[in-house]
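Residue numbers (my numbering), protein chains in the order written: chain A, 1 to 209; chain B, 210 to 501.
Hints are computed from structural coordinates only; laboratory data are not their basis.
Be aware that a few hints might be false.
So the derived label-pair ranges between C-beta atoms look like this [as the list claims (entries may be wrong)]:
| # | chain 1 | residue 1 | chain 2 | residue 2 | range |
| --- | --- | --- | --- | --- | --- |
| 1 | B | G428 | A | M169 | 53 to 61 Å |
| 2 | A | N197 | B | I461 | 52 to 60 Å |
| 3 | A | P114 | B | K341 | 33 to 41 Å |
| 4 | B | L299 | A | P114 | 32 to 40 Å |
| 5 | B | L299 | A | G49 | 50 to 58 Å |
| 6 | B | K341 | A | L188 | 16 to 24 Å |
| 7 | B | P323 | A | E123 | 18 to 26 Å |
| 8 | B | S431 | A | D58 | 49 to 57 Å |
| 9 | A | A11 | B | G305 | 38 to 46 Å |
| 10 | A | G161 | B | H234 | 41 to 49 Å |
| 11 | A | M169 | B | E401 | 24 to 32 Å |
| 12 | B | A452 | A | E168 | 31 to 39 Å |
| 13 | B | I461 | A | P63 | 38 to 46 Å |
| 14 | B | L319 | A | E123 | 50 to 58 Å |
In silico DSBU-like links for lysine-lysine, alpha-carbon gap of 35 Å or less [what the hints assert, rightly or not]:
| # | chain 1 | residue 1 | chain 2 | residue 2 |
| --- | --- | --- | --- | --- |
| 15 | B | K211 | A | K190 |
| 16 | B | K435 | A | K190 |
| 17 | A | K159 | B | K231 |
| 18 | B | K475 | A | K7 |
| 19 | A | K162 | B | K243 |
| 20 | B | K409 | B | K231 |
Built from N, CA and C at the ideal position, the CB exists for glycine as well.
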Amino acid sequence: MLITQLKNREAIDALISGTCFIVNCHGCGEVSFPAAEAQALQAELASQGKVTGILTTDYICSPENMKVNLESRRSEIDEADMVLVFSCGVGVQTVAGYLEDKKVCAGCDTYRLPGFQGVTPLEYDCEQCGECFLNLTGGICPITACSKSLVNGQCGGAKNGKCEVDPEMDCGWERIYRRLEQLGRLDLLKRPVQLHNYATDDEVYKQNN
Amino acid sequence: MKVTELFRKGEFVVTAEVGPPKGCHLEGVVEEAKEYLSGLSAVNVTDCQSSVMRVGSLATCKVLKDAGLNPIYQLTCRDRNRIALQSDLLSAAAFGIDNVLCLTGDHTKLGDTPQAKPVFDLDSVSLLSTIKTLESGYDIAGNELVGDPPTFAKGAVVSPCSDSVDAQLSKMERKVMAGAEFFQTQAVYDTERFISFMEKAKQFDRPVQLGIVLLKSAGMASYMNKSVAGIHVPPDMIAELKADKEKTKAGITGVEIAARIIRECKPYVQGVHIMAMGWESKIPMLMELAGL
Numbered sequence: 001m002l003i004t005q006l007k008n009r010e011a012i013d014a015l016i017s018g019t020c021f022i023v024n025c026h027g028c029g030e031v032s033f034p035a036a037e038a039q040a041l042q043a044e045l046a047s048q049g050k051v052t053g054i055l056t057t058d059y060i061c062s063p064e065n066m067k068v069n070l071e072s073r074r075s076e077i078d079e080a081d082m083v084l085v086f087s088c089g090v091g092v093q094t095v096a097g098y099l100e101d102k103k104v105c106a107g108c109d110t111y112r113l114p115g116f117q118g119v120t121p122l123e124y125d126c127e128q129c130g131e132c133f134l135n136l137t138g139g140i141c142p143i144t145a146c147s148k149s150l151v152n153g154q155c156g157g158a159k160n161g162k163c164e165v166d167p168e169m170d171c172g173w174e175r176i177y178r179r180l181e182q183l184g185r186l187d188l189l190k191r192p193v194q195l196h197n198y199a200t201d202d203e204v205y206k207q208n209n
Numbered sequence: 210m211k212v213t214e215l216f217r218k219g220e221f222v223v224t225a226e227v228g229p230p231k232g233c234h235l236e237g238v239v240e241e242a243k244e245y246l247s248g249l250s251a252v253n254v255t256d257c258q259s260s261v262m263r264v265g266s267l268a269t270c271k272v273l274k275d276a277g278l279n280p281i282y283q284l285t286c287r288d289r290n291r292i293a294l295q296s297d298l299l300s301a302a303a304f305g306i307d308n309v310l311c312l313t314g315d316h317t318k319l320g321d322t323p324q325a326k327p328v329f330d331l332d333s334v335s336l337l338s339t340i341k342t343l344e345s346g347y348d349i350a351g352n353e354l355v356g357d358p359p360t361f362a363k364g365a366v367v368s369p370c371s372d373s374v375d376a377q378l379s380k381m382e383r384k385v386m387a388g389a390e391f392f393q394t395q396a397v398y399d400t401e402r403f404i405s406f407m408e409k410a411k412q413f414d415r416p417v418q419l420g421i422v423l424l425k426s427a428g429m430a431s432y433m434n435k436s437v438a439g440i441h442v443p444p445d446m447i448a449e450l451k452a453d454k455e456k457t458k459a460g461i462t463g464v465e466i467a468a469r470i471i472r473e474c475k476p477y478v479q480g481v482h483i484m485a486m487g488w489e490s491k492i493p494m495l496m497e498l499a500g501l
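Chain A on its own, in the form it takes in the complex (with noise of 0.2 Å):
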């Protein structure tokens, strides 16, 4: 099981900038979603004249299924500024893997539950290790590309664009580095420095609150 939790207000303002294109996925019943939260703050921002349109659909992490999905609502999207998803970590990655040259960014965390963990046969992974990266990173996982989740850039350790650890792996950074340079967003790159915060999501609510 995992659980999908809304990134805190301020958070999720300072992600958007222009207008946004919202993909909600409501797939599969491993994850816990926060469907009226994510309702509200959308339609708030929809009130706002922010958003171009909103898709919720299933399974976002299928590939096939969400190339449809998209490409049926290709207008809304091109028109917006950007995307903006809710969904676990697999489902942004699918979506920016997609939308190669569009600013994709998550609206939710990730968190590890106990059981069962969905079904996602993909090159796409996520750890649910909570407070997500990829809003930081052009979409792409640090925690599941670097062997080393690393979360402030690239080791020494890439030979030829590969991985220390395995020569057949890309160095997860230097993608990276490649997708922001694509996006015009290596400003992110200057973002203070970035610690992993292993507490769960009630520690983190804690501690927050």
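Given the coordinates of chain A, work out where chain B should sit on it, guided by the hints.
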């Protein structure tokens, strides 16, 4: 003695690397360091280099300091979480060790204990910022330290001849933002590439020490080209190593090449860091040939 003080005074800072042994006897390391390295500005002590389990960097720093050398404590994030790293930094300060070189560290899979759990709770950047926090009198959980806080000369590394040099520069900038006060580089053989890197790194306004690894054989050079990140030994250097096998075996060719690299790059750097890897006895000859 903080190496940052030496840079500030305008000293050309020459350091070398000491690799602690796989065992608990440090007399050999101390004797060797006293014989060949005592004239240097400082001595780096590696932290389970290449993810091979050895006696600790901190203990080795302490005995070298007691023997009159100036140690730089290399600290990696591979084997310790943020509690242990902060604790070891306080231990270093308690021993009067005031130079730290912050590294992410090689992955555990590369060493002699691939079964080990890789930690990487922090990384080189967050380790640097953690030291800054300790220096402000708090730990990174926000709890106050008792008594005067520690202070360190905070060093970091950069790989100037990496094939993704723009990503390396971006990481270097993050390290500067996080508090890095000086840099040591990965081994340099391609001086042209290095100099063009230094033109770009100048903007960060931090002293940089040129990294030197003595070439022991053509085989070693080819191996590094194939397997070691950020290292490119040009073909003419490999040919030079092959040309006179006896001279190469005696270490003379490797030292001559290193001296040439140092002389070419000297105008662009504030120091040199020598990784002799067992050839510490050649360092005095290198210093002389390089005019240091």
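Do the hints match the structure? See the list:
Roughly 27 Å separates the CB atoms of G428(B) and M169(A), a value that falls outside the hinted 53 to 61 Å. Roughly 54 Å separates the CB atoms of N197(A) and I461(B), a value that falls within the hinted 52 to 60 Å. Roughly 38 Å separates the CB atoms of P114(A) and K341(B), a value that falls within the hinted 33 to 41 Å. The beta-carbon spacing between L299(B) and P114(A), approximately 37 Å, falls within the hinted interval of 32 to 40 Å.
Checking the proposed 50 to 58 Å range against L299(B) and G49(A) shows it holds: the Cβ atoms sit about 54 Å from each other. Range check, K341(B) to L188(A): Cβ separation about 22 Å, and the 16 to 24 Å hint holds. Checking the proposed 18 to 26 Å range against P323(B) and E123(A) shows it holds: the Cβ atoms sit about 24 Å from each other. For S431(B) paired with D58(A), a C-beta distance near 54 Å keeps the hint of 49 to 57 Å intact.
A hinted range of 38 to 46 Å for the beta carbons of A11(A) and G305(B) is consistent with their spacing of about 43 Å. Checked against the given bound of 41 to 49 Å, the beta carbons of G161(A) and H234(B), roughly 42 Å apart, stay inside it. Distance hint check for M169(A) and E401(B): the Cβ-Cβ separation is about 31 Å, which falls inside the suggested range of 24 to 32 Å. In this structure the hint that A452(B) and E168(A) lie 31 to 39 Å apart at CB holds, the actual value being about 37 Å.
In this structure, I461(B) and P63(A) break the distance hint of 38 to 46 Å, their C-beta atoms being roughly 59 Å apart. Distance hint check: the CB atoms of L319(B) and E123(A) are about 24 Å apart, inconsistent with the given range 50 to 58 Å. Taken as a hint, the K211(B) and K190(A) pair is honoured in the structure, with Cα atoms around 28 Å apart against an allowance of 35 Å. Straight-line distance between C-alpha atoms of K435(B) and K190(A) comes to about 32 Å, which keeps the hinted pair within the 35 Å bound.
With a C-alpha separation of about 28 Å, the suggested pairing of K159(A) with K231(B) holds against the 35 Å cut-off. At roughly 51 Å between alpha-carbon atoms, K475(B) and K7(A) are farther apart than 35 Å, so this suggested pair is violated. For the hint linking K162(A) to K243(B), the alpha-carbon distance of about 40 Å lies beyond 35 Å, and the restraint is violated. Restraint check for K409(B) and K231(B): not satisfied, since their Cα atoms lie roughly 40 Å apart, outside the 35 Å limit.
The structure shown violates the earlier hints numbered 1, 13, 14, 18, 19 and 20.
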